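Respectively, the protein sequence lines represent chains F and Z. With my numbering as the guide, the letters of the first sequence map in order to residues 1 to 189. With my numbering as the guide, the letters of the second sequence map in order to residues 1 to 190.
None of these hints come from the bench; they were simulated from the model. Some hints here could point you the wrong way.
Said to hold, decoys possible - Taking lysine to aspartate or glutamate pairs in the DMTMM-like style, the calculated list, with each CA pair at most 25 Å apart, reads:
| hint | chain 1 | residue 1 | chain 2 | residue 2 |
| --- | --- | --- | --- | --- |
| 1 | F | 85 | F | 104 |
| 2 | F | 89 | Z | 149 |
| 3 | F | 130 | F | 76 |
| 4 | F | 85 | F | 146 |
| 5 | F | 130 | Z | 38 |
| 6 | F | 89 | F | 121 |
| 7 | F | 130 | F | 52 |
| 8 | F | 174 | Z | 39 |
| 9 | Z | 103 | Z | 90 |
| 10 | F | 174 | F | 71 |
| 11 | F | 89 | F | 106 |
| 12 | F | 89 | F | 169 |
| 13 | F | 85 | Z | 39 |
| 14 | F | 89 | F | 71 |
| 15 | F | 174 | Z | 149 |
| 16 | F | 85 | F | 106 |
| 17 | F | 130 | Z | 149 |
| 18 | F | 89 | F | 104 |
| 19 | F | 130 | Z | 39 |
| 20 | F | 174 | Z | 145 |
| 21 | F | 89 | Z | 39 |
| 22 | F | 130 | F | 53 |
| 23 | F | 85 | F | 61 |
| 24 | F | 89 | Z | 90 |
| 25 | F | 85 | F | 169 |
| 26 | F | 28 | Z | 90 |
| 27 | F | 174 | Z | 38 |
| 28 | F | 89 | F | 167 |
| 29 | F | 174 | Z | 142 |
What the hints assert, rightly or not - Which residues of chain Z face chain F? A few of them, derived with a C-beta cut under 7 Å, are:
| hint | residue |
| --- | --- |
| 30 | 55 |
| 31 | 69 |
| 32 | 150 |
| 33 | 154 |
These figures come from a predicted structure and were not determined experimentally. Glycine included, C-beta positions come from ideal geometry on N, C-alpha and C.
Chain by chain, the residues run as shown.
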Amino acid sequence: MDVEYRKKDIRALLNVSLLKEGKRVHTKWILLIISIAIIVCPIGGALLAYRDDLQALVVPETPEFISETPEITYLDQSISANVIKLRFKFVNPYSANLTISSIDAEIFCVEHDVILGYANETAPVAIASKANAIITLALNFNTQAETHFLTQHAGETAVNVELRNLEVEVQGVKIRYTQAVGVGSMPIP
Amino acid sequence: MEFRKINWFGIAGGIITLMLVVLALAYASPWWQLTIAEDLGQANISPLSYNLTILGSQIVIPLIFFLNLACQLSLAASAIAILIYSVIPDKSFSKHLLGFAYKKPLITLIIFLISIFAVTYSVQSILPITIPVTGASTITLEMSDTTMEVPITTGFTWVFWLAIIAAILCVVARFYHKKIVSPPPKEKKT
Chain F
1 MDVEYRKKDI
11 RALLNVSLLK
21 EGKRVHTKWI
31 LLIISIAIIV
41 CPIGGALLAY
51 RDDLQALVVP
61 ETPEFISETP
71 EITYLDQSIS
81 ANVIKLRFKF
91 VNPYSANLTI
101 SSIDAEIFCV
111 EHDVILGYAN
121 ETAPVAIASK
131 ANAIITLALN
141 FNTQAETHFL
151 TQHAGETAVN
161 VELRNLEVEV
171 QGVKIRYTQA
181 VGVGSMPIP
Chain Z
1 MEFRKINWFG
11 IAGGIITLML
21 VVLALAYASP
31 WWQLTIAEDL
41 GQANISPLSY
51 NLTILGSQIV
61 IPLIFFLNLA
71 CQLSLAASAI
81 AILIYSVIPD
91 KSFSKHLLGF
101 AYKKPLITLI
111 IFLISIFAVT
121 YSVQSILPIT
131 IPVTGASTIT
141 LEMSDTTMEV
151 PITTGFTWVF
161 WLAIIAAILC
171 VVARFYHKKI
181 VSPPPKEKKT
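One chain only, chain F, in its complex shape (with noise of 0.2 Å):
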């Protein structure tokens, strides 16, 4: 009886062990599959998704900054308290509002290559997503331009100019144009 109950418990405790050990090699196993399907379900998700196209699945679609560039026109001249000031019509095709925080140019005159002042556009200018703004540059121009208006220009009503050194800062970004921004012809103040 004695060796019969024995057998009993070493067989039970064979079961046992077998048992824990199935179970351990259960949860290995269970783990290695859940390890490998996490990486292998969505990278073959994606290639069945894209299959048609896997192209698609890398490279992203143009986006809109690079298809679409700001326009900036010139509109008109105007004169208030002896200066004069030119308007630009600015339209921002981005999804983002812009600020332009400053203008800064320079002003020729096309005929003699000479430097008649400055114009800028000190306050910021806000213009929203897809919508146009008016910008206004304040010409200021300096004792070289008076000499040249009276030498050069002496009985003439208008000068030819244009903006060279453009520099246009928007965010923090700072745009220099190295064409130059034709005005055409202005008055001579």
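Got chain F sorted already, so can you dock chain Z onto it with the hints?
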């Protein structure tokens, strides 16, 4: 449940790992951030979420979305496994749970750091621009009739440091496991 049979490092690591997943899902919290000028663009990058916006346009790379999903699942599974392990560290399957969980936050962190260094280094190699891993720089872009100077700032966020803490705690939990499951010293027979 005995007090000493709980792996507190594992619990802390699991909770923080789970927090990282929740932060990514709820707020898309980045680990590393690149800001272009004054809010003209931003890249919010982490292994769990990705968001790149330039001039209000979002640039979506679908592959990154799926890789983020894999990382989210991986870290969520790791956090759950280490939490289960931590409260029952002496069960037969606990060691497997620990083995499954403790490396994942660390591996994710290492892969993320390698990716950030690789991307910034390759950009500098290919293009004439410098993107620092942390700090400020000015990118000069020359086009036909314009020159643009774009200031950028980069840096790791507090979530990144949280990820480091999670990775460390999970690794410490692995070492602490030996201490809590080791059998008490046998008494010498007299």
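These are the hints, each one checked on the structure:
Annotation: proposed proximity of residue 85 (chain F) to residue 104 (chain F) holds, straight-line Cα distance about 13 Å (limit 25 Å). Note on residue 89 (chain F) and residue 149 (chain Z): the hinted pairing holds, with a Cα-Cα distance of about 23 Å set against a maximum of 25 Å. Restraint check for residue 130 (chain F) and residue 76 (chain F): satisfied, since their Cα atoms lie roughly 23 Å apart, inside the 25 Å limit. A distance of roughly 17 Å separates the Cα atoms of residue 85 (chain F) and residue 146 (chain F); the hinted pair therefore holds under the 25 Å criterion.
Simply put, residue 130 (chain F) and residue 38 (chain Z) have alpha-carbon atoms about 19 Å apart, close enough for the 25 Å limit, and the pair holds. Proximity of residue 89 (chain F) to residue 121 (chain F) is assessed by CA-CA distance (about 13 Å); at most 25 Å being required, the pair is judged to hold. Our distance criterion of 25 Å between C-alpha atoms is broken by residue 130 (chain F) and residue 52 (chain F), whose separation comes to about 34 Å. Note on residue 174 (chain F) and residue 39 (chain Z): the hinted pairing holds, with a Cα-Cα distance of about 14 Å set against a maximum of 25 Å.
Using a Cα cut-off of 25 Å, the hinted pair residue 103 (chain Z) and residue 90 (chain Z) holds, with the two alpha carbons roughly 19 Å apart. Restraint check: the Cα-Cα separation between residue 174 (chain F) and residue 71 (chain F) comes to about 17 Å, which is no more than 25 Å; the hinted pair holds. With a C-alpha separation of about 19 Å, the suggested pair residue 89 (chain F) and residue 106 (chain F) falls inside the 25 Å cut-off, and the hint holds. Under the criterion of a C-alpha separation no larger than 25 Å, the hint pairing residue 89 (chain F) with residue 169 (chain F) is consistent with the structure, at around 16 Å.
Only pairs whose Cα atoms come within 25 Å are accepted, and residue 85 (chain F) paired with residue 39 (chain Z) is rejected, the gap being roughly 30 Å. Taken as a hint, the residue 89 (chain F) and residue 71 (chain F) pair is honoured in the structure, with Cα atoms around 8 Å apart against an allowance of 25 Å. About 5 Å separates the Cα atoms of residue 174 (chain F) and residue 149 (chain Z), which keeps this hinted pair within 25 Å; it holds. Only pairs whose Cα atoms come within 25 Å are accepted, and residue 85 (chain F) paired with residue 106 (chain F) is accepted, the gap being roughly 14 Å.
A threshold of 25 Å between alpha carbons decides the hint, and for residue 130 (chain F) with residue 149 (chain Z) the separation of about 24 Å falls inside it, so the pair holds. Taking the CA atoms of residue 89 (chain F) and residue 104 (chain F), the gap is near 16 Å; set against the 25 Å cutoff, the hint holds. For a cut-off of 25 Å, the pair hint linking residue 130 (chain F) to residue 39 (chain Z) stands: about 17 Å separates their Cα positions. Restraint check for residue 174 (chain F) and residue 145 (chain Z): satisfied, since their Cα atoms lie roughly 14 Å apart, inside the 25 Å limit.
Distance hint between residue 89 (chain F) and residue 39 (chain Z) is fulfilled; the C-alpha atoms sit about 23 Å from each other, no more than 25 Å. Under the criterion of a C-alpha separation no larger than 25 Å, the hint pairing residue 130 (chain F) with residue 53 (chain F) is inconsistent with the structure, at around 32 Å. For the suggested pair residue 85 (chain F) and residue 61 (chain F), the alpha carbons sit about 42 Å apart, so the restraint of at most 25 Å is broken. Annotation: proposed proximity of residue 89 (chain F) to residue 90 (chain Z) is violated, straight-line Cα distance about 74 Å (limit 25 Å).
Distance check on the hinted pair: residue 85 (chain F) and residue 169 (chain F) sit about 19 Å apart at the alpha-carbon level, within 25 Å; holds. For the suggested pair residue 28 (chain F) and residue 90 (chain Z), the alpha carbons sit about 16 Å apart, so the restraint of at most 25 Å is met. In summary, the hint linking residue 174 (chain F) to residue 38 (chain Z) is supported, as the alpha carbons are separated by about 12 Å, within the 25 Å threshold. For the proposed pair residue 89 (chain F) and residue 167 (chain F), the alpha carbon gap of about 16 Å is at most 25 Å, so the pair holds.
Taking the CA atoms of residue 174 (chain F) and residue 142 (chain Z), the gap is near 12 Å; set against the 25 Å cutoff, the hint holds. Because the closest C-beta pair between residue 55 (chain Z) and chain F is about 4 Å apart, less than 7 Å, the hint holds. The beta carbon of residue 69 (chain Z) is positioned within 7 Å of a beta carbon in chain F (closest approach about 4 Å), and the interface hint is therefore held. The beta carbon of residue 150 (chain Z) comes within 5 Å of a beta carbon in chain F, closer than 7 Å, and the hint placing it at the interface holds.
Against a cut-off of 7 Å between C-beta atoms, the interface hint on residue 154 (chain Z) is violated, since the closest Cβ of chain F lies about 15 Å away.
This entry does not satisfy hints 7, 13, 22, 23, 24 and 33, going by the numbered hints stated previously.
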